[in-house]
Amino acid sequence: MFGSMLSFPGGLFGEMERLRREFDDVMDTRGLPGSIRSAGPGSLPAINVGRTPNSVEVYAFAPGLQADKIEVTLDRGVLRISGERTSGIPETQEGKVNVYSRERASGRFMRAVALPDDIDGTQVRATYRDGVLQVSVPRRESAKPQRVTVQ
Amino acid sequence: MSEPREVSRPAAEQDTRAVLPRVDVFEDDAGITLLADLPGVPRERLDVKVEGDTLLLEGAVLPAMPEGLEPIYAEVRVPRFRRSFTLSRELDGQRVEANLKDGVLTLRIPKAQHAQPRRITVQAG
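Top line first, the protein sequences correspond to chains A and B.
Numbering-wise, the first sequence is residues 0 to 150 according to numbering that gives the first Met the number 0.
Numbering-wise, the second sequence is residues 0 to 124 according to numbering that gives the first Met the number 0.
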């Protein structure tokens, strides 16, 4: 009974259900475990990590940085991304600028993410495009899926 | 939750979920500047529209993904940004300038000529 009430489209409960789903998206409660190094929701930059048979790919959503000012280090399997972003709001000169909204984070930031054990940390590649830093770390040969021939 | 995000969306687009981009908004004598964080949105997937007195920003997040990528951990789960603003009457929606660089959109919305401050000379008499 409650189920059908909740799924009533456009109704108050439908709206609440939608809000709950959005909340879940932000709070990371949908199955995948949160990382022990993850910061609170909305921290800069947000990080996604994925895996292919050949590499581990880390995406840091960090808009408005200078590529040469981003520091990426990999130490004992922990990838650290740090940098600094200056505020886009001009310093008030003669009180002529009124600021209505100041939501974009500025200042120094640092995020760390533990990578899987089977990576080869000697050939890390990082690219910055459209405000997303992509770090690609190859996996060791021995960790790649191998086909075993049946005798 | 300390996030300054409100939920607002046009009724016709309720089925595609989107997150609100974070913005800075400031005003000087000649107009309003809006900065929006849109990481991962390429220029060709960004939409900036002025309809009547509504300014709508919408963008799809499309980072280059290699073949066969399997997610391990994800903080960005809704690959779309959307946010709308109501412009007030003295702003000139026809002359909005938009520039997207490194995932930051800069919008400049000038004030209509008649709305800019003018110095009025007081006649001595």
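Since the hints were made in silico from the structure, they are not lab data.
Note that beta-carbon positions come from the ideal geometry of N, C-alpha and C, so glycine has one too.
Any given hint might turn out to be false.
[Said to hold, decoys possible] Output of the computed footprint for chain A on chain B, the stretches with three or more beta carbons under 8 Å from beta carbons of chain A: (1) 19-25; (2) 38-45; (3) 67-75; (4) 107-116.
[What the hints assert, rightly or not] A few chain B positions that, by computed beta-carbon distances, are all more than 12 Å from chain A: (5) D28; (6) T32; (7) Q122.
[Unchecked claim] With beta-carbon atoms standing in for the labels, derived distance ranges: (8) B/R42 <-> A/Q145: 37 to 43 Å; (9) B/R44 <-> A/G106: 24 to 30 Å; (10) A/L73 <-> B/R44: 50 to 56 Å; (11) B/D46 <-> A/P144: 49 to 55 Å; (12) A/E70 <-> B/D27: 14 to 20 Å; (13) A/G76 <-> B/R16: 32 to 38 Å; (14) B/R79 <-> A/D74: 55 to 61 Å.
Hint check:
no.	hint	in the structure
1	19-25	holds (count 5)
2	38-45	holds (count 4)
3	67-75	holds (count 9)
4	107-116	violated (count 0)
5	D28	violated (6 Å)
6	T32	violated (8 Å)
7	Q122	holds (27 Å)
8	B/R42 <-> A/Q145: 37 to 43 Å	holds (42 Å)
9	B/R44 <-> A/G106: 24 to 30 Å	holds (29 Å)
10	A/L73 <-> B/R44: 50 to 56 Å	violated (31 Å)
11	B/D46 <-> A/P144: 49 to 55 Å	violated (41 Å)
12	A/E70 <-> B/D27: 14 to 20 Å	violated (34 Å)
13	A/G76 <-> B/R16: 32 to 38 Å	holds (34 Å)
14	B/R79 <-> A/D74: 55 to 61 Å	violated (35 Å)
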